[in-house]
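Peer 1: Use these hints to put chains B and C onto chain A, whose structure you have.
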Amino acid sequence: MTGLLEPHAIGQSLTRLDGPAKVTGTAPYAFEQPVGDPLHLFPVQATIARGRVTAIDSSAAEAMPGVAGVLTHTNAPRLASDEDRELWVLQSDQVAFRGQFVAAVLAETPEIARHAASLVRVEYAEEPHEAELRADSAKLYAPDELLAGEPTNTFEGDVDGALAAAAVTVDQTYTTPMEHNNPMEPHATIARWDEDGLTLYDSTQGAHTVRVTLAPVFGLDPRQVRVIAPYVGGGFGSKGMPHAHNVLAGLAARMAGGRPVKFALTRQQMYSIAGYRPPTIQRIQLGAGADGRLTALAQDVIELSSKIKEYAEPTGKGTRVMYAAPHRRITHRLDPLDVPVPTWMRAPGECPGMFALEVAMDELAVACGLDPIEVRVRNDAEVSPESGLPWSSRNLVACLREGARRFGWERRDPTPGVRRDNGWLIGTGVASSTYPVYRLPGSVAMIRLLGDGRYRVSIGAADIGTGTWTALTQVAADALGVPCERVDLRIGDTALPMASVEGGSSGITSWGSAIVAAAQAFRDQYGTEPADGAEVVAETPDNPDAARFAMQAFGAQFAEVRVHVDTGEIRVPRMLGVFAAGRIINPRTARSQFIGGMTMGLSMALHEQSVMDPRFGLVVNHDLAEYHIAANADVGDVDAIWIDEHDPYVNPMGSKGIGEIGIVGAAAAVANAAYHATGIRVRDLPITADRFLS
Amino acid sequence: MIPFEYLRAEDAASAVAAVASRPTAAFLGAGTNLVDHMKLGVASPELLVDVSRLPFDEVEPLPGGGVRIGAAVRNSDLAADPILRSRYPAVSRALLAGASAQLRNLATTGGNLLQRTRCVYFQDVTTPCNKREPGSGCSAIDGYTRYHAILGASSACVATHPSDLAVALTALDATVVVLGVHGERQIPLADFYRLPGDDPHRDTVLEHGELIIAVDLPDLPFAARSTYRKVRDRASYAFALVSVAAALDVADGSVRDARVAFGGVAHKPWRATRAEEVLRGAPISDESFLQAAEAELAGARPLAGNEFKVPMARNTLVAVLRELAQEEAR
Amino acid sequence: MDVRIQLHVDGEWRALTVDTRTTLLDALRDRLGVMSAKKGCDHGQCGACTVLLDGRRATTCLALAVAYDGAEITTAQGLTNGGMPHPVSQAFLDHDGFQCGYCTPGQVCSAVGMLDEVKAGQPSYVTRDLARSVELNDEEIRERMSGNLCRCGAYVNIVAAIREVAR
Numbered sequence: 001m002t003g004l005l006e007p008h009a010i011g012q013s014l015t016r017l018d019g020p021a022k023v024t025g026t027a028p029y030a031f032e033q034p035v036g037d038p039l040h041l042f043p044v045q046a047t048i049a050r051g052r053v054t055a056i057d058s059s060a061a062e063a064m065p066g067v068a069g070v071l072t073h074t075n076a077p078r079l080a081s082d083e084d085r086e087l088w089v090l091q092s093d094q095v096a097f098r099g100q101f102v103a104a105v106l107a108e109t110p111e112i113a114r115h116a117a118s119l120v121r122v123e124y125a126e127e128p129h130e131a132e133l134r135a136d137s138a139k140l141y142a143p144d145e146l147l148a149g150e151p152t153n154t155f156e157g158d159v160d161g162a163l164a165a166a167a168v169t170v171d172q173t174y175t176t177p178m179e180h181n182n183p184m185e186p187h188a189t190i191a192r193w194d195e196d197g198l199t200l201y202d203s204t205q206g207a208h209t210v211r212v213t214l215a216p217v218f219g220l221d222p223r224q225v226r227v228i229a230p231y232v233g234g235g236f237g238s239k240g241m242p243h244a245h246n247v248l249a250g251l252a253a254r255m256a257g258g259r260p261v262k263f264a265l266t267r268q269q270m271y272s273i274a275g276y277r278p279p280t281i282q283r284i285q286l287g288a289g290a291d292g293r294l295t296a297l298a299q300d301v302i303e304l305s306s307k308i309k310e311y312a313e314p315t316g317k318g319t320r321v322m323y324a325a326p327h328r329r330i331t332h333r334l335d336p337l338d339v340p341v342p343t344w345m346r347a348p349g350e351c352p353g354m355f356a357l358e359v360a361m362d363e364l365a366v367a368c369g370l371d372p373i374e375v376r377v378r379n380d381a382e383v384s385p386e387s388g389l390p391w392s393s394r395n396l397v398a399c400l401r402e403g404a405r406r407f408g409w410e411r412r413d414p415t416p417g418v419r420r421d422n423g424w425l426i427g428t429g430v431a432s433s434t435y436p437v438y439r440l441p442g443s444v445a446m447i448r449l450l451g452d453g454r455y456r457v458s459i460g461a462a463d464i465g466t467g468t469w470t471a472l473t474q475v476a477a478d479a480l481g482v483p484c485e486r487v488d489l490r491i492g493d494t495a496l497p498m499a500s501v502e503g504g505s506s507g508i509t510s511w512g513s514a515i516v517a518a519a520q521a522f523r524d525q526y527g528t529e530p531a532d533g534a535e536v537v538a539e540t541p542d543n544p545d546a547a548r549f550a551m552q553a554f555g556a557q558f559a560e561v562r563v564h565v566d567t568g569e570i571r572v573p574r575m576l577g578v579f580a581a582g583r584i585i586n587p588r589t590a591r592s593q594f595i596g597g598m599t600m601g602l603s604m605a606l607h608e609q610s611v612m613d614p615r616f617g618l619v620v621n622h623d624l625a626e627y628h629i630a631a632n633a634d635v636g637d638v639d640a641i642w643i644d645e646h647d648p649y650v651n652p653m654g655s656k657g658i659g660e661i662g663i664v665g666a667a668a669a670v671a672n673a674a675y676h677a678t679g680i681r682v683r684d685l686p687i688t689a690d691r692f693l694s
Numbered sequence: 001m002i003p004f005e006y007l008r009a010e011d012a013a014s015a016v017a018a019v020a021s022r023p024t025a026a027f028l029g030a031g032t033n034l035v036d037h038m039k040l041g042v043a044s045p046e047l048l049v050d051v052s053r054l055p056f057d058e059v060e061p062l063p064g065g066g067v068r069i070g071a072a073v074r075n076s077d078l079a080a081d082p083i084l085r086s087r088y089p090a091v092s093r094a095l096l097a098g099a100s101a102q103l104r105n106l107a108t109t110g111g112n113l114l115q116r117t118r119c120v121y122f123q124d125v126t127t128p129c130n131k132r133e134p135g136s137g138c139s140a141i142d143g144y145t146r147y148h149a150i151l152g153a154s155s156a157c158v159a160t161h162p163s164d165l166a167v168a169l170t171a172l173d174a175t176v177v178v179l180g181v182h183g184e185r186q187i188p189l190a191d192f193y194r195l196p197g198d199d200p201h202r203d204t205v206l207e208h209g210e211l212i213i214a215v216d217l218p219d220l221p222f223a224a225r226s227t228y229r230k231v232r233d234r235a236s237y238a239f240a241l242v243s244v245a246a247a248l249d250v251a252d253g254s255v256r257d258a259r260v261a262f263g264g265v266a267h268k269p270w271r272a273t274r275a276e277e278v279l280r281g282a283p284i285s286d287e288s289f290l291q292a293a294e295a296e297l298a299g300a301r302p303l304a305g306n307e308f309k310v311p312m313a314r315n316t317l318v319a320v321l322r323e324l325a326q327e328e329a330r
Numbered sequence: 001m002d003v004r005i006q007l008h009v010d011g012e013w014r015a016l017t018v019d020t021r022t023t024l025l026d027a028l029r030d031r032l033g034v035m036s037a038k039k040g041c042d043h044g045q046c047g048a049c050t051v052l053l054d055g056r057r058a059t060t061c062l063a064l065a066v067a068y069d070g071a072e073i074t075t076a077q078g079l080t081n082g083g084m085p086h087p088v089s090q091a092f093l094d095h096d097g098f099q100c101g102y103c104t105p106g107q108v109c110s111a112v113g114m115l116d117e118v119k120a121g122q123p124s125y126v127t128r129d130l131a132r133s134v135e136l137n138d139e140e141i142r143e144r145m146s147g148n149l150c151r152c153g154a155y156v157n158i159v160a161a162i163r164e165v166a167r
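Protein chains in written order, with this note's numbering: chain A, 1 to 694; chain B, 1 to 330; chain C, 1 to 167.
Check the hints yourself; a few may be wrong.
What the hints assert, rightly or not - Under the rule of at most 20 Å between Cα atoms (straight-line distance), these lysine to any residue pairs were calculated in the SDA-like manner:
{"#": "1", "chain 1": "B", "residue 1": "K39", "chain 2": "A", "residue 2": "R114"}
{"#": "2", "chain 1": "B", "residue 1": "K39", "chain 2": "A", "residue 2": "L140"}
{"#": "3", "chain 1": "A", "residue 1": "K309", "chain 2": "A", "residue 2": "L140"}
{"#": "4", "chain 1": "B", "residue 1": "K39", "chain 2": "A", "residue 2": "R121"}
{"#": "5", "chain 1": "B", "residue 1": "K39", "chain 2": "A", "residue 2": "L119"}
Stated by the list, open to error - Label-pair restraints from in silico Cβ distances:
{"#": "6", "chain 1": "A", "residue 1": "H73", "chain 2": "B", "residue 2": "H208", "range": "40 to 50 Å"}
{"#": "7", "chain 1": "A", "residue 1": "D57", "chain 2": "B", "residue 2": "H208", "range": "46 to 56 Å"}
{"#": "8", "chain 1": "A", "residue 1": "D644", "chain 2": "B", "residue 2": "E323", "range": "45 to 55 Å"}
{"#": "9", "chain 1": "C", "residue 1": "K119", "chain 2": "A", "residue 2": "G423", "range": "29 to 39 Å"}
{"#": "10", "chain 1": "A", "residue 1": "P28", "chain 2": "C", "residue 2": "D2", "range": "37 to 47 Å"}
{"#": "11", "chain 1": "A", "residue 1": "D452", "chain 2": "C", "residue 2": "T17", "range": "44 to 54 Å"}
{"#": "12", "chain 1": "C", "residue 1": "D2", "chain 2": "B", "residue 2": "E10", "range": "20 to 30 Å"}
{"#": "13", "chain 1": "A", "residue 1": "S81", "chain 2": "C", "residue 2": "R4", "range": "43 to 53 Å"}
{"#": "14", "chain 1": "A", "residue 1": "E195", "chain 2": "C", "residue 2": "R4", "range": "46 to 56 Å"}
It should be emphasised that the hints constitute simulated quantities derived from the structure, not laboratory data. Computed from a prediction, not measured in an experiment: that's the story for all the values here. Ideal Cβ placement from N, Cα and C applies to all residues, glycine included.
The following block holds chain A by itself, in its conformation from the complex (with noise of 0.2 Å):
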């Protein structure tokens, strides 16, 4: 068990530190970093999904006045890794997806490089292709373990026996679509060679990740890669390792001849460039006794990866922690196929798995006849599952206690299909949230005295609209005994000591950690009288407690849902979110990230599906017109609170990482509020308005 930090400025809701910068659009983005006498560059796409290049021919743009170079894969410079075939960029005639760089134009203006771009002309072998996940399909593996080195399979007892003896089962397929993280700022990134190696300004989510990724496929030192990245418009994910843009850049920057080569990626090739979120088909089976608690849980799940890198979405994870139950079943096969490499998305695993799960409970509930709220409650899992570690803290029972307060859900008639306003059926749902604490290492931290009293605390941290730049201060301010104003904190470079990438929700745990044991560092090396420039610096500490304690974040969602009658349009007038997170550190920002991940699982809900052309390889609406996130009016009431929670072993400063839990169960909450307005239970998403038309 830790003490915990004695908070002061942690639970303050200040205004985001870096915000001033962000509303004047003055805070330098990846793109914008002022650099002199750059060229430009754009890329050319495959245009087959799986064969050879056979030829290229670049005289026309080469010829043209203000190209500076063709790249292709004849004449980029060598790479030293081809470990991550991703990041294999230009190194073959393979074609091994539908829009992979197969050439790219370095050029004065920016113009000029697309213009050039699109008279490269490239001939291919072509060879048959396989886009489509499919369930029946032969080729169904099980990955040796999934994203995280979870385990593919867990088994316990026997779930066969227990459904054939429950007096009440569930088993239906559920679907997730492919999906795109679409950051708003699109990925960029601006590369510069000199005699000290690669300077990288990138839009990530890791500086470091990008370094130490990087540095072996370039054959460098990860000294000579140096990445900066103060702010950054959004990843979900996307933006948590590099991608082959950064290697393109890097490449285009090898033949520049020192000068910088800038390159954002259009929104259109981000499609085939920056990852997605794989579609799933999940089949759940639950059995249960007349009351509702469940006797046996299985969720065998089924999704794509790309046949150049394995990507396992670790689908089931949720599953694993939520319920109790003695017979149980998690399974994950892969379909490697002909298309883009996927990656993360905003809460791996528990977005897409907790989709199904938190659907096929409500169906329990209604085969029951109970109150969803009170399945949920009688299926809370004392300790964890699959491991039966006790709890740090779990408190999903007061989440869902406490929504139904405030929601208003003690007035719900389960009757679904008959509450009408005006044209527009109306219902409500719930459903669970629950995210990991995750704790990643390596990430170093340090403090040095200003000589104005003020402390530099510098790691290389991100933040990419989570509020790192405000809720880290804050921990240092604490962790170091002074107000806010006294800490002068520096993140997003590889300057600054290393720092994990921020994913898994676990940049607090990680990076606060650090800062906590190096403030502690600081005092028991200079006591209370330091001089000015005493610096330490110390690393993220073990955690004891983890192998003594499951430790995740818990919550519960309502949803509000409109069915028009005559034209199916659905729309979410309400959402509450309610999570027990452990201590917040600021407020203001972790609402913002609650209900920022709420609304976002509200557009997986209403909008968002990448539609993969199975004859081309090729995600055909590849842009933000036809991909469809919320937009303003999608959203209504969306709100989110939290209970206050103590735990005191997760880490110094109490706190579970917000980020990602809120898209968890989302989707859910609003399709069981879709079946509670019109009796239709959609078990695919996105849930349209066809979905109610007859």
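Peer 2: For chains B and C alone, kept in the frame of chain A given last:
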């Protein structure tokens, strides 16, 4: 985008002459659709003649009671125009249903009418499309059809027209005033757009070099009781799955006259003449409205994946007519 | 094809050379280094590039710079008055109406333009009675701000910020 020359037109005649004399020239309004297509490689004009500042920026009464809308009137200004709001509310609502406020502040009346389909294959030059590249084939017909036609399509093209404004104008019998090298001509909007047939690359009957200078709305008193309803996948800022523009003239419990057009269902705004025939003289009731809708949609031939548009169009029309009838009753 | 133009950007005349292909957005960002207008989609589909163009909110990614010679452009940066944030910007700060900040300058410009449109009596798609003056309720704000996408999901706070300024 290929390099191009830019010319700001001094007057309409010289603009027409400049474009008509050069096959690779095009008129530029606000460019909110053309520049989009130039970036995608869908359009590659070598000369742009900017007509956005020609003096066609007024909404004026016409002798005989109609209204003339200048082709350069911005969508937002037109939507807010007091005459349109009171006498032709369907037109205002249709404009307000389109795009976003910051696009409507730029987009012109003429440009709106000439926007091209949102078919995803049309917009992606790496896929076959008969509209973009005649003879290359239609990728949509066996592909992603959610936004595609259920009426009047051909085996060559199943695209829909994306304009909201055009649907309302079609319903209300508007006429397009066009200037060509041989002078002006007037084309009823109902005849302005084409069905795809065998040559879907042509959206309209305009000849190269013909410039829309105005749109005339005839005097139609019952258009004051008109509206536009757009059903889409987002609550705002999205193209129509199905839309309906309608005006209803009601007396003594029955329909005296009606104007109806559908959007999102065909290669052109779909004037629902069969529905109008059924409505004329029919009693005001959901049954009448349903019969009208079904008469029009009897010819619907949905594609695999957009079958839902038939009930969606039917129900939306019934809902709109019901609303207009109730409005009339108040 | 290069053309010389002048733009009045955030209170200052700027002369520049653009390709005829250069959009107003790229003229600001690539030629003038004015980065407040953001590029989110480059096709009029997100609103991140919204500025006040001759006083009205407008997307700049589909506007050819050459067609706007002499235009007056105000970005979110230019809304600042003597170092003091614009009331809309301040409300965004107070209500945490943003997270990553990338759509934010466009949201701010859009909100400023939108409030002027309401003042001028312009209706929206959700205005019940086109003949009457507009009452700026939440539904109106949401509809009128729907041309600015926010992937972080700050809409609720954006609406709260604008509601406060409109009061």
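Peer 1: All hints are to be evaluated individually against the structure, with a verdict given for each.
Peer 2: Evaluated hints:
no., hint, in the structure
1, B/K39 / A/R114, "holds, 9 Å"
2, B/K39 / A/L140, "violated, 40 Å"
3, A/K309 / A/L140, "holds, 15 Å"
4, B/K39 / A/R121, "holds, 18 Å"
5, B/K39 / A/L119, "holds, 14 Å"
6, A/H73 / B/H208: 40 to 50 Å, "holds, 42 Å"
7, A/D57 / B/H208: 46 to 56 Å, "violated, 32 Å"
8, A/D644 / B/E323: 45 to 55 Å, "holds, 49 Å"
9, C/K119 / A/G423: 29 to 39 Å, "holds, 33 Å"
10, A/P28 / C/D2: 37 to 47 Å, "violated, 27 Å"
11, A/D452 / C/T17: 44 to 54 Å, "holds, 45 Å"
12, C/D2 / B/E10: 20 to 30 Å, "holds, 22 Å"
13, A/S81 / C/R4: 43 to 53 Å, "holds, 48 Å"
14, A/E195 / C/R4: 46 to 56 Å, "violated, 39 Å"
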